[in-house]
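Residue numbers (the numbering used here), protein chains in the order written: chain A, 1 to 169; chain B, 1001 to 1526.
Just so you know, nobody snuck in bad clues.
Partial selection, computed: residues in chain B whose CB lies under 7 Å from chain A: (1) S1146; (2) P1173; (3) I1178; (4) E1180; (5) P1181; (6) V1203; (7) H1204; (8) G1206; (9) R1221; (10) L1222; (11) S1227; (12) G1228; (13) R1292; (14) E1295.
Covered stretches of chain B (chain A as the covering partner; in silico rule of three or more C-beta atoms under 8 Å from a C-beta of chain A): (15) 1129-1139; (16) 1283-1289; (17) 1306-1315; (18) 1338-1348; (19) 1516-1523.
Calculated from the structure, these hints are not laboratory results.
Owing to the predicted nature of the structure, the values given are computational and were not obtained by experimental measurement.
C-beta: ideal position from N, C-alpha, C; glycine also.
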Amino acid sequence: MIRIARQILRTGIVTEPFIPEARDQIREIGSRLTARIRKRFRGSLTIRQVDAGSCNGCELEIHALNNPIYNCERFGIHFTASPRFADLLLVTGPVAHNMEIALRRTYDATPSPKLVVAVGDCGVDGGVFGRGYASLGGIHQVIPVDVAIAGCPPTPWALLTGILQAIEG
Amino acid sequence: MSLLHDAIATALDAEIRLDPSQHPASVLLCQVPREKFVEAARLLKKAYALLAAEWATDETAFGRGYGIYACFRWGPEYLIVKTEAPAEDPTFPSLTRKFVPAYRFERQIHSLMGVTPVGHPDLRPWIKFEDWPPDAWPLRKSFDPSRPLPRVPGEYAWARAEGEGVYEIPVGPVHAGIIEPGHFRFQAVGESIINLEERLGYVHKGIEKRFEGLSWQEGCRLAARISGDTTVAHSLAYAMALESMTACQPPPRSQWLRALFLERERIANHLGDIGAIANDAAFAFMLYQMMRLKEMLLRTNHQLFGHRLLMDRVQPGGVTADIDAAGRAEMLAELDILAREFERLVVIYDESPSLEDRVKDTGVLLPETARELCVVGIVARASGMNLDCRIFNPFPPYDQYESLELNVPVMVTGDVHARVWVRINEIRESIRIIRWLLDNLPAGEITAPVGRPGPDGAGFAAVEGWRGEIICWLQSGPAGEVSRVMVRDPSSVNWLGLEQAIPGNIVPDFPLCNKSFNQSYSGHDV
Chain A
1 MIRIARQILR TGIVTEPFIP EARDQIREIG SRLTARIRKR FRGSLTIRQV DAGSCNGCEL
61 EIHALNNPIY NCERFGIHFT ASPRFADLLL VTGPVAHNME IALRRTYDAT PSPKLVVAVG
121 DCGVDGGVFG RGYASLGGIH QVIPVDVAIA GCPPTPWALL TGILQAIEG
Chain B
1001 MSLLHDAIAT ALDAEIRLDP SQHPASVLLC QVPREKFVEA ARLLKKAYAL LAAEWATDET
1061 AFGRGYGIYA CFRWGPEYLI VKTEAPAEDP TFPSLTRKFV PAYRFERQIH SLMGVTPVGH
1121 PDLRPWIKFE DWPPDAWPLR KSFDPSRPLP RVPGEYAWAR AEGEGVYEIP VGPVHAGIIE
1181 PGHFRFQAVG ESIINLEERL GYVHKGIEKR FEGLSWQEGC RLAARISGDT TVAHSLAYAM
1241 ALESMTACQP PPRSQWLRAL FLERERIANH LGDIGAIAND AAFAFMLYQM MRLKEMLLRT
1301 NHQLFGHRLL MDRVQPGGVT ADIDAAGRAE MLAELDILAR EFERLVVIYD ESPSLEDRVK
1361 DTGVLLPETA RELCVVGIVA RASGMNLDCR IFNPFPPYDQ YESLELNVPV MVTGDVHARV
1421 WVRINEIRES IRIIRWLLDN LPAGEITAPV GRPGPDGAGF AAVEGWRGEI ICWLQSGPAG
1481 EVSRVMVRDP SSVNWLGLEQ AIPGNIVPDF PLCNKSFNQS YSGHDV
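Bound conformation, chain A alone (with noise of 0.2 Å):
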């Protein structure tokens, strides 16, 4: 017990406004989003992640988005487990034919008004597994799209801005 409070104590406060190249610009982004969310969702925007048929890829970097570094609780971002709950539905793929039906269903219970955001340059536009028998492309070919992230994968900054932007538009 006596280790982890060291540790923590040594640690400190980690969260940061953002990687030098980035800092100033998600600076900003951080400010906008937390007036956003506090305006529009009452301090508390509700995320349900949604693997419609990634690589993984694009998981790794939204997990990023809940390591103490980038700490998205702090803007009012929260993930839920369940679509019932959620404000926004955060969706990576290519829509794998054999998700398709998955994904309506996640989106039909999800409540309206609800935003969906398509991460990553196949959930954009299938990216390099295309559109074949199994890969269905992009989100949008199968539900409607509010804000697209491309990127393989998005990083994180990338991703807080596009969500941004979803709550903004």
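Assemble the complex: chain A is given as a structure, and chain B must be docked to it using the hints.
Chain B alone, transformed into the frame defined by chain A:
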């Protein structure tokens, strides 16, 4: 000749034929008649071989029928046994009764290539869902992959358990967290799980078929996206298999850099896993500490090599990113911080009795079961199997035993605790390897030209990714184009291990067990 070849050659001497079109030369391809396919497997099993993969090819373009390949391994040797099924009679004898992992491989061959394993106990479709047309066989050359599949009615037949108090819990494909899709069906009595059935295939994107429409170079970009967290290892396996077919020798500096990327990928993923396992045992402190260290690594990757996950840094013929003196100094400084912080956290992990209580004797995969299932990688090493391609099938620089002195951690308890400790020790070892790589990095070029494979050849590579052994097998067509790419992610065999490790555990421990295996869905569902 090799030990495995001798094992089948003595009994089947006149009936096997060595195929010289297989590269590299150290991997033998023996062709046996269809009726001797099981006999060959039986002889190899007697010689202690493990089944590494089984797959089928459509060779009608060469005027042949379907090729069925089974890849066996023992120690440093790989041996591929091939048999042919004529196009008018697409069947072959099943190996499932000899080798358990053939169970999934053959269901997949049956579903996607339409070649029937005769004697297989369970021919329910695998990867292919019940709403696909029954005659849709995407891996056949006659299949048109550009058209979307129509949906037909159908129902999957789940394994059932009946009895008083038995109930069923369906989970997925959309799980609670930020995780890939799959479906798990538990039968439980009270808290105890009596059976787990996995159903995968939700992220099947037709990757193996997709390769067939791409050039050899473009294929590497696709290979890098088979499983996003194993991008270095998968693109490396693809690149090495292609290089073996074209007699391309990547420059030494690029091989050192490849190893460097591979070890950095290993550390980053292991850090994430240790944190996530601890978090599933309600020890969030460890998750955030580990995520902090992982983020540090990813940032250094971004800064030095231009990509956080190192995607597309490995290419056929070499690598696309180099490191200079300043980068080297930076990485060494980063490793010092990482090593120091990590060791502190290991002490905390080790001294937390409440955590120990959750992870010990949970999700046990016994060594004898592990061997029977031919599992690989961290799962195998936590269950007493000393398997590691970096030792048994090394590419440079791993072949420099004397100065590298690679140490592979092996545990025997096969529980969550063992899988965590294998990861901890691998991180320590990888940090040491990276320092060694940076100290011994040869100067010179980082790419070499890659030729075009000749017609009707095959290339093979096995690479130790962070999850375990990755196998990539390539076949060229009549004009030297891509004819077939077979990818065997470690998850393809290790998923069977999870299914066996779960019964007897309580339902709330499933996430903990699952996380300790941490298998890829995308890599499995290719």
